[in-house]
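Trainee: Take a look at the letters that make up each chain.
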Amino acid sequence: MRPAAASVVLGLALAVGAPTAWALSRPDAAAGPPVDQVLERPADPTTAPPASTLPEVSVRDAAPTVAPEIAPPARLEVPGLGVTAPVDPMGIAGDGQMALPEDVDRVGWYRFGPEPGAAGNSVIAGHVDDREQGPGALFPLRTAEPGEEIAVTDAAGGTTRWRVVSREVVEKDVLPLDEIFRRDGPPRLVVITCGGPFLPEFRSYRDNVVVVAEPVGGTTP
Amino acid sequence: MSTVRTLGRTAGALGVAGGLVLVATPALADNHTATVSVLHGVPELPVDVYANGERLIDDFQPGTLTDPLELPAGSYDLALFPADAPDGSGDPLLSADGVSVPAGANATVVAHLTEAGEPALTPFVNEVGDIPAGQARVTVRHVAAAPAVDVRAGGQVVVDGLSNPNEESLTVPAGTVNADVVLAGTDTVAIGPADLDLAEGATTIVYAWGSEDAGYELAVQSISGQHSAPSGVPGGSAGLADDSGLPLPVGAAAVAGVALAAAGAFRLARSSR
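These protein sequence lines map, in sequence, to chains A and B. Its first residue numbered 8, the first sequence is counted upward by one per residue in my numbering. Its first residue numbered 226, the second sequence is counted upward by one per residue in my numbering.
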């Protein structure tokens, strides 16, 4: 009688406890305020209606110039998650998506957007995994918590330091791309990989994991 | 080509019937202003520019460009005087009366020479629609005292037979191109070669200006802020980070627990009978 009762209790505990413990121990889909709220553009200062008189005019030489070289980001580090990855400047893939390095141990910086520390959102993204190569450099990104520190070192050796303010898993269909790739406003770092349910028929994930970080106060990017 | 009227040099203000009408383009922030830039492309002739009798630009030098001006929409009388003229009275070098600047327009007014070498004022409407991610828009305008030209990039003709005061626009992958200008249908280089930075998501307007006597040159105007975001961010093909359901060991443990509880309950029920 006793062992029977014990096995009922134990069995129920296992049946309920295992999934509960698993659910409690896995990272939440989101941490911190929602990404689109964090990325929301600060309200424009109300501009005075245009004066009726003519504006001040500034004039400059129109001769062709070549854009000044900037030092692109070269290394991404998230010490709290054990992430260290070389960064490659990347553009647009043939399908119109952001291009990413084939090597999942490397991550890509969207070179048409701002460099880390300049006005707007600097976007760094990488594959979460690959069928042949296994987990990618950004595999732990889905466990990033607000307050996590990120460092980006550029090719000239300069470093910008960031602190995570938000992490969210967002379905790719509704990813706020215009907000994420914004080129004006306060400087932010946005780190993106894949996550959510894996869709074997598409060999891809349904969602993106989006982490937004703000400059650590006091550092001059 | 946009609606353009070219004015001859005849001294004194030339009233232009109907004025110059710039085509309005939508999607600019303010409903009551227009964005107007002015480029000076008449060699060796510094000027003062007056709008509605007020001096807008003082001592405007050839080869220079104003930053974009937010002007209240409306009608403007434009006049160019020699830079050493005391004020906007008397006979201007060039003028255009009743230039209509509609709200939302983005335009560049160019003072330049015609093919025959006469000074002229030509307003061009700048294309400012969204550009696909990764691409750049380049607009080429011929405002030099020269016959038709071809524009080459990396040795290949990309704009062919462009004549004064016309323009042509292309959308190309962003990047730096090495460009030159040749007399149409020849390999006779008139300007360049020069490296042009075609920034992604921006319109780069390249002007060929000048004259045979003063030399031909390029002027560049850049209008940014027409970029588009990538269509998405890819990122994984293995499913190792899949979080769609219970992992197998967790599920197995739960199933085993249910079986264990059921077995215990069955034994309890039998023994209590």
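Among the hints, a few may not be true.
Keeping only pairs whose Cα atoms sit at most 20 Å apart, straight-line, the calculated EDC-like set for lysine to aspartate or glutamate is [to be verified]:
| no. | chain 1 | residue 1 | chain 2 | residue 2 |
| --- | --- | --- | --- | --- |
| 1 | A | K179 | B | D468 |
| 2 | A | K179 | A | D102 |
| 3 | A | K179 | B | D467 |
Calculated directly from the structure, the hints in this document are not laboratory data.
Trainee: Compare the structure with each hint and give your call.
Mentor: Hint-by-hint comparison with the structure:
1. A:K179 with B:D468: Given pair K179 (chain A), D468 (chain B) holds - Cα atoms ~15 Å apart, limit 20 Å.
2. A:K179 with A:D102: Distance ~15 Å between K179 (chain A) and D102 (chain A) Cα, so the pair holds.
3. A:K179 with B:D467: holds (15 Å)
Violated hints for the displayed structure: none, as all numbered hints are satisfied.
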